[in-house]
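**Q** Next come the chains, spelled out residue by residue.
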Amino acid sequence: MNLESLTAKYPSERQSLRKLAELLSSSENQEFTLNRLSDLVEPNSKEALAGALGELVRSGEIKFVIRVISPRAQGGIKDFESIEQVPAVVYDRYTDTQVEVTAENLRLLYRT
Amino acid sequence: MTLLERATTLGVLSEYLKAKQLPHSAGSWEEMREKRVLPAISKQKLTFKDLFALLAEGEEFGRNHTFLYQAKQGEIKKLFDMARIRSIAKRLGHERALENPVLVDLPPQPTIVEIRGEHSSDRECRVIKVVERREERRFDSEKIQGNRVLREWVIDEVRAVNLARLHASGLLEIRIQSRANSTLYKTELNQMLTMLKDYVPPASFREISLTKAKHALWQNRVEKNRRVRFSDSIMRNDSGTTLLASTGGEQADLFRDSGASSSIDTFLRHGAYCDSSNIWWLPRKGVTEREIHMRLSGENNEFAITAACTRKEYDYVLNELRVFNR
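Protein chains in written order, with our numbering: chain A, 1 to 112; chain B, 1 to 326.
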């Protein structure tokens, strides 16, 4: 993670970006929501943190996934790279049923 | 009474009558009206003004999702200054809301109906109340025509009350009335923040994450003076695993199931965190004789009180939550 260029772009997030760099360097195959990351790195602004994460996604340092979760089991059904790829209906293996995808059963994740 | 039935619950009205040392128990709205409210009015122990005040309180406390923010230290005094608030209201044409509540039922646009100073737990605060017209979908029927299933929903127009309450400490609550068809409140929250941006500029505040409270409430279950019971909880870890535990019945307590409880403890010890919970604040002497249901879910700074409650009950659970969040 290029801490310097990110800090130059988000100077008020110097401290939280340092924490983010430490977290990402020590995490392998981990996944975080924006809320979870916000708790872990305590940014001044969640929007700025989201902006910095967007930069890291674009540079390929982390991945952004949209996960459809089972409304009953809360487990992940399938991951997608963009909202356009998310189908209207998916097969929920936890319950052996077809479930309609709504905003309520989507989870946006950053993966290391 | 019909308005009261819509805005509040029998429990809240009962608590209110009790606080006035009036007969208060009733098993139905009809019984409440015939045996409690009308006799109290005829004996002049209860006035219509009291009922209007209760109606206003019923609209504001409970059945809402609250989002918590803290003002930046150097800006609290300025933000809280009533003269500044008055001047903004005049500039934006909201001065009517400063004098008396503006009476609107289903306004075409969200409308600021009241701007006032008041006290919460003996401390001063500022309140801006907004009324909006919402459309809620109610499932109506299902028909089969040939090889097609047609499901119909009726669109109901609903009066929704949202408000911002700024405390002298810099704590800001944005309360959004609960919706019937969704658990997501981002749109309504952004609408409120935009509408009130001159009074409470978003850049002057930061979110208060309630993650510490979620964890501390779970730890508090073994304390002698425990405050809550859990009915369900979702724990997650950063590997993507989810642990969901919920009780069989509404009245049951997850804490009493030592197997489930210790599974969650073990998961937490291995780096998991509490993502969401349904908790019930236990009755508290001098505050309430009933349990208050709180949903801790959604955004980090969000909680919901799912049923109507009194001001005293709301302030009690808000204060307790903040103590657990330290």
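Where hints are given, some of them may not hold.
[Unchecked claim] Computed list of lysine-lysine pairs in BS3-like fashion (alpha-carbon distance at most 30 Å, straight line):
#1 B:K72 with B:K186
#2 B:K90 with A:K9
#3 B:K78 with B:K224
#4 B:K186 with A:K9
#5 A:K78 with B:K186
#6 B:K78 with B:K90
#7 B:K43 with B:K312
#8 B:K312 with A:K63
#9 B:K77 with B:K312
#10 B:K212 with A:K19
#11 B:K43 with A:K46
#12 B:K186 with A:K63
#13 B:K78 with A:K63
#14 B:K77 with A:K46
#15 B:K72 with A:K19
#16 B:K197 with A:K9
None of these hints come from the bench; they were simulated from the model.
**Q** Against each hint, give a clear statement of whether it holds in the structure.
**A** Hints, one by one, checked against the model:
1. With a CA separation close to 23 Å, the supplied pair K72 (chain B) and K186 (chain B) stays within the 30 Å bound.
2. Only pairs whose Cα atoms come within 30 Å are accepted, and K90 (chain B) paired with K9 (chain A) is rejected, the gap being roughly 38 Å.
3. Between K78 (chain B) and K224 (chain B), the direct Cα distance comes to roughly 42 Å. Violation of the 30 Å bound is thereby established for this hinted pair.
4. Simply put, K186 (chain B) and K9 (chain A) have alpha-carbon atoms about 26 Å apart, close enough for the 30 Å limit, and the pair holds.
5. Between K78 (chain A) and K186 (chain B) the CA atoms are separated by roughly 24 Å; this keeps the pair inside 30 Å, and the hint holds.
6. Of the pairs offered as hints, the one joining K78 (chain B) and K90 (chain B) holds, with about 17 Å between alpha carbons and a cut-off of 30 Å not exceeded.
7. Distance check on the hinted pair: K43 (chain B) and K312 (chain B) sit about 26 Å apart at the alpha-carbon level, within 30 Å; holds.
8. Our distance criterion of 30 Å between C-alpha atoms is broken by K312 (chain B) and K63 (chain A), whose separation comes to about 47 Å.
9. Distance check on the hinted pair: K77 (chain B) and K312 (chain B) sit about 26 Å apart at the alpha-carbon level, within 30 Å; holds.
10. The hinted pair formed by K212 (chain B) and K19 (chain A) meets the criterion: a straight-line CA distance of about 19 Å does not exceed 30 Å.
11. Between K43 (chain B) and K46 (chain A) the CA atoms are separated by roughly 56 Å; this puts the pair beyond 30 Å, and the hint is violated.
12. At most 30 Å may separate the alpha-carbon atoms for a hinted pair to count; K186 (chain B) and K63 (chain A) meet this at roughly 24 Å.
13. The hinted pair formed by K78 (chain B) and K63 (chain A) fails the criterion: a straight-line CA distance of about 42 Å is larger than 30 Å.
14. Restraint check for K77 (chain B) and K46 (chain A): satisfied, since their Cα atoms lie roughly 24 Å apart, inside the 30 Å limit.
15. With a CA separation close to 22 Å, the supplied pair K72 (chain B) and K19 (chain A) stays within the 30 Å bound.
16. At most 30 Å may separate the alpha-carbon atoms for a hinted pair to count; K197 (chain B) and K9 (chain A) meet this at roughly 25 Å.
Hints 2, 3, 8, 11, 13 from the list above are not met by this structure, while the remaining hints are.
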